[in-house]
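Undergrad: From first to last, the protein sequence lines stand for chains A and B.
For what it's worth, this note's numbering labels the leading residue of the first sequence as 1, then goes sequentially.
For what it's worth, this note's numbering labels the leading residue of the second sequence as 1001, then goes sequentially.
One or more of the hints may lead you astray.
Said to hold, decoys possible - Chain B stretches covered by chain A per the calculated footprint, using a threshold of three residues with CB under 8 angstroms from any CB of chain A:
1) 1032-1044
2) 1096-1105
3) 1114-1125
4) 1133-1147
5) 1258-1264
As the list claims (entries may be wrong) - Only some residues are given here: those of chain A computed to face chain B with a beta carbon under 10 angstroms:
6) 54
7) 145
8) 203
9) 287
What the hints assert, rightly or not - Partial chain B-side listing against chain A, Cβ under 7 angstroms, derived:
10) 1223
11) 1226
12) 1244
Everything labelled a hint here was simulated from the structure, so no lab data went into it.
This one's a predicted model, so the numbers in the text were calculated from it and none came from an experiment.
Quick reminder that beta carbons are idealized off the backbone N, C-alpha and C, glycines included.
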Amino acid sequence: MATQETTRVTASGLARSRARAATRGGPQKQGTFTPYLFMLPYMILFGIFVAAPTISAFWISLHNWDYLLPGKPFTGLDNYIDLFSGSGSAGLFWKSMWATAQFTIYSVPPLVIFPLLVAVVLHQKFPGRNFFRAVYFAPYVLGVAVVGILWRYLLDPTVGVINYYLGLIGLPSDIPWTNGLPWAWIGLVGMTVWWTAGFNAVIYLAGLQGIPRDLYEAARVDGASRWQQFRHVTLPGLRPVTLFVVTVTILASANVFGQPYLVTGQSGAPGNATRTAIMYITGEGLGRFRMGSASAMSILLASILAIIGAFNFRLLGRRND
Amino acid sequence: MAEAAVASRPPGRSTGSRRPLWWLAYAALIVFTAFYVAPFVWMIVTSFKTNAATTAATPTWIPQPFVTEGYSEIANPALDQPVLKWFLNSVISAVGHTLTVLVTASMAAYALARMEFTGKRLMFGLIIATLFIPPIIFLIPNYLIVDTFGWIDTLMAVIVPTAATAFGVFFMRQFFVSLPIELEEAALLDGANHWAIFTRIVLPLSKPALATLAVLSFLNNWNDFLWPLFVLVSGPNLTLPPGLSQLQSSYGTDYAVIMAGGVLASIPVLIIFTVAQRYVIEGVARSGLKG
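For reference, chain B alone in the conformation it holds in the complex:
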């Protein structure tokens, strides 16, 4: 057992406080963490099994035989469930959504942070107030609005409406307010207009905040399930989350195929999380401190 091996190692190599109890706790943490990771590992393992092996009476953690049938099934372009098309739709949706949020939220946040104008307090108050409205209220009216625009069953329906979230404006405004104002004032005195100051001074200084907002927006949109489930209707137009639901209902017990779809949907977000972990976790932590 790993537990015993770790516990028997000589304690206190670096500090005297590392007693056997400490090693035991550390080993327990490792074991518990292994359990925590197991479901995800199981998804990957299953995706490389034959469909028959996924429902075997004795489950195995090493696919035997090791096959990629699940993946070739979902990559089949002639399929009723065009998973690769869903992947493409999800990429377009998440990128389009993220860009919309970044542009609209940062512009509004700049005005709210750095300019004085009639109605500013009212607008900011309204925007913040909507953070506290349970989103179920918007669901049916927004369905009708999107329908009026002719956006049902198009990617516009999943790119645009959710970009109206107040979070981006609130988040960027907090960051802009924290920036030292001197550079902007000096530029203003040198005759630069607000647009130039915004694009050449403020935005370059705001890269960490923009990166955080971009990553959070991308993840939100990539993972959004309920809204696309209802506004995207026909097979080729789905994004991955409603697509996975459809994969589940049409493939039933072909778990290799279903899990291959799950792995495919997880790869981009796990890559982003690995690369931009700091931004994701800081964004979440900061949103908590606001409360």
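For reference, chain A alone in the conformation it holds in the complex:
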């Protein structure tokens, strides 16, 4: 490093460097502790709130860790075994995992495709482009609590405007968006698309800007139609960005909490059908304070997500060569 830095220094700096090196013994005169002092404030936070929790999550999951009881007996893998043997609340947990899987399966395709369309449109040159980009991104800065209370009102089966307008155009005006299936999923996915599509669109836009223009020119010279250009230049060019969007969206959807919590309620109407894994785990660990089993559930969920993430990178990365 020291030699590398010296080679990059400007000519005058280099001259001075030589002069000083003669008297002081080189430009690297940082104290031994200096780097650690710079690292210290962050590493304290990191150690306490990231590193220690990662380890203690496993430790807690090996105990019957009830926050409200004095003893927290070591129970080995019992919390995990219980989840797979179907005893106690395992059934409700797996039901919540299924709800999470459904939300992920329903929400990822629109969250990957619709923002791509938005990005392709906003990538064109037309008046007010930056304004439109801001509008599509804006819902994302609102936060899930605002979006949740707003959509709870919009989707209300009796006083919501969505049912009102559906009635006006001759469709059923009593659709149970907040407490019936499959309507609850459609409502939750719809509001999530509204909320986060702009985020994905901005990432796609950055990807589109990274595709060299000559590729389009070459395609046009070869007589490629607009669709062919999109299919053979744009999509391949966006592959790494798409990989990122798909992975981030799967992880975000699998962690869904606020939308159902605020729209279909804490118990996930109808009948726990939309109570997601994060809702169940928080209820188990921080509502009923059964932290041992909740930690085991967290680790199980996190492991599944890690596997999906790794699989994703392999799947999409493989076609990248």
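Place chain B on chain A using the hints.
TA: Using the frame of chain A, we list chain B on its own:
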């Protein structure tokens, strides 16, 4: 219809490529965008209605009568739901969190970008690795840690733990590495120590990155819902997101009040987004390109 009006305008005023089809697409975009904005407009409109009007059989886009009852209700200091106190708590939390992130992340990132020391690779590797750990893992242990510190139901619980995110360090390190090193080396040769170089040369050169990180940290903290929902317990100590949830459950169908709370929670982030749009969008775009 706006669609027809726009479509009938003479095409190709500036370039010959603007055919009727182009105008039609542009009109469609405007209409679609109007639908996109409608939910947000509806929140604002509703907040100026009477509670009775918010559940009327025929909804209207212009409040009649136009009232500010929703706002005076949430501004009432004698209220069970002290929304203005929540607003203040959210400001303190978001500002405190942002400052913590800026100081700790930029210092660590500077060491990682510009210094050689034993354990550097290990530390950086560990920090980056945690970017891939689903945050649900931290939830219960961090609840217990925060409880040990006596921080449950205090703003410390929402300011500090989330500042440990690896994103800030990663983001600032990438920026520092991209800065030309010559100025720093010249200063080092002139006898300046690393602290002086960091505060007088590197940080002033890093204003765009710091602004981006500040805006993203502020928005994250302002909007954080799950964590404060569980670590903040009593009425006066909430931030706005868990507060809005409580407003929703205690006001039921008084949508004017609930939407007034929503508007209040949206104003700061929308102002920040309008003013610092470049930083927000660039920050998001850059985070994507990293992947």
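Undergrad: May I ask you to test the interface hint for residue 1223 of chain B with respect to chain A, counting a Cβ-Cβ separation under 7 angstroms as satisfied?
TA: Nearest chain A Cβ about 3 angstroms off; hint holds.
Undergrad: Can you verify the interface hint for residue 287 of chain A: is its Cβ closer than 10 angstroms to any Cβ in chain B?
TA: holds (8 angstroms)
Undergrad: Okay, the segment 1032-1044 of chain B and chain A, do three or more residues pass the C-beta test at under 8 angstroms?
TA: Result for this restraint: holds, n = 7.
Undergrad: Would the stated hint for residue 145 of chain A survive a check requiring a Cβ distance to chain B of less than 10 angstroms?
TA: Given a least distance of 4 angstroms, the restraint on residue 145 of chain A holds.
Undergrad: Going by Cβ atoms only, is residue 1244 of chain B closer than 7 angstroms to chain A?
TA: Residue 1244 of chain B check passes; min Cβ-Cβ to chain A is 4 angstroms, inside 7 angstroms.
Undergrad: Go check the segment 1133-1147 of chain B versus chain A for me, would you? Three or more residues, Cβ under 8 angstroms, otherwise it fails.
TA: With 13 residues close enough to chain A, the hint holds.
Undergrad: So, as I understand it, the hint says residue 54 of chain A touches chain B; can you test that by seeing if any CB pair is closer than 10 angstroms?
TA: Interface hint status for residue 54 of chain A: holds (6 angstroms vs cutoff 10 angstroms).
Undergrad: How does the coverage statement for the segment 1114-1125 of chain B fare against chain A, requiring three or more residues with Cβ below 8 angstroms from a Cβ of that chain?
TA: holds (count 5)
Undergrad: Count the residues of the segment 1096-1105 of chain B whose CB lies closer than 8 angstroms to any CB of chain A, then report whether that count reaches three.
TA: Satisfied; 4 residues make the cut.
Undergrad: Classify the hint on residue 1226 of chain B as holds or violated, based on whether any CB of chain A lies nearer than 7 angstroms to its CB.
TA: holds (5 angstroms)
Undergrad: Please verify the coverage claim for the segment 1258-1264 of chain B: does it have three or more residues whose C-beta sits within 8 angstroms of some C-beta in chain A?
TA: holds (count 4)
Undergrad: Take the shortest C-beta to C-beta distance between residue 203 of chain A and chain B; is it under 10 angstroms?
TA: holds (3 angstroms)
Hint compliance for this structure: every hint is met.
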